[in-house]
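Enquirer: For reference, the chains in residue letters:
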Amino acid sequence: DIQMTQSPSTLSASVGDRVTITCRASQSISSWLAWYQQKPGKAPKLLIYHASSLESGVPSRFSGSGSGTEFTLTISSLQPDDFATYYCQQYDGYWTFGQGTKVGIK
Amino acid sequence: QVQLVQSGAEVKKPGASGKVSCKASGYTFSGHYIHWVRQAPGQGLEWMGWINVNNGGTNYEQKFQGRVTMTRDTSISTAYMELSRLRSDDTAVYYCARSRGTSTSCYDYWGQGTLVTVSS
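Going down the list, the sequences are from chains Y and U. Start counting the first sequence at 188; every next residue gets the next number (this note's numbering). Start counting the second sequence at 575; every next residue gets the next number (this note's numbering).
Just so you know, these hints were derived from the structure itself, not from any lab. It cannot be assumed that every hint is accurate.
[Stated by the list, open to error] Under 10 Å between C-beta atoms, here's a sample of chain Y residues computed to sit facing chain U:
1) Q190
2) L220
3) K229
4) L233
5) S243
6) P246
7) F249
8) S264
9) D269
10) F270
11) A271
12) Y281
13) W282
14) F284
15) G285
A virtual CB, placed ideally from N, CA and C, is assigned to each residue, including glycine.
Produce the complete structure using the sequences and hints provided.
Expert: Quick look at the structure:
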């Protein structure tokens with residue numbers, strides 16, 4: 188099975204900060220990686236697919252990069268609505284998620 | 575607009591079975607796979623399997639083989655996930671999610687989730 192490791196597990200940031208979350212795969216997954224945002228009591232929401240493609244309707248402050256085994260999600264200027272938990276997901280071999288990164292208010 | 579609407583919360587006793595439904599609207603039901611993902615309280619997301627809505631074919635995570643059954647009824651655009659021999663550690667929110675493209679894809683729409691509580 189392909190394991191996904193996110194870092195950090197939690198981070199504290201302020202509105203306007205640039206935030207970066209990293210996701211590492213235990214083996215190469217090409218660009219078969221997605222990023223989701225989840226708020227408490229809600230279903231996850233797709234932000235990025237194919238490592239760097241922005242899902243329709245998602246603000247352009249979100250961006251994704253990487254290929255192979257190392258990937259990043261960047262929020263260029265954190266907004267109040269962005270405080271949430273973020274998950275990466277590989278879909279190259281079956282489907283596995285990272286453990287999540289909780290973005291909280293500093 | 576695309577919607578996936580799931581059935582309501584359930585409480586089950588250990589050893590029982592639980593069945594969650596996922597009704598799709600706003601798109602051609604047979605054109606996308608449906609995946610099932612669960613999330614235990616305070617935990618991360620866990621993939622359970624998918625169903626090819628077009629032909630009923632399934633693919634289950636090995637961990638759930640023998641306990642999970644995914645089906646669909648195309649006449650009412652509804653997918654189902656049944657988990658048998660429930661244990662306390664099956665307590666979780668169960669989500670259905672639509673495959674964005676082919677079977678090997680991420681998910682662009684999710685149901686609202688169904689809490690299944692397993693307790694004696």
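Enquirer: All hints, please: hold or fail.
Expert: Hints and how they fare:
1. Q190: With Cβ-Cβ at 12 Å, over 10 Å, it is violated.
2. L220: holds (8 Å)
3. K229: This interface hint holds because 8 Å falls under the 10 Å limit.
4. L233: holds (5 Å)
5. S243: holds (9 Å)
6. P246: violated (17 Å)
7. F249: Status violated, d = 15 Å.
8. S264: Given a least distance of 25 Å, the restraint on Y:S264 is violated.
9. D269: violated (19 Å)
10. F270: This interface hint is violated because 17 Å lies over the 10 Å limit.
11. A271: Violated: closest Cβ of chain U sits about 14 Å from Y:A271, beyond 10 Å.
12. Y281: Holds. Min distance 7 Å.
13. W282: holds (4 Å)
14. F284: holds (4 Å)
15. G285: Cβ of Y:G285 sits 7 Å from chain U, so the hint holds.
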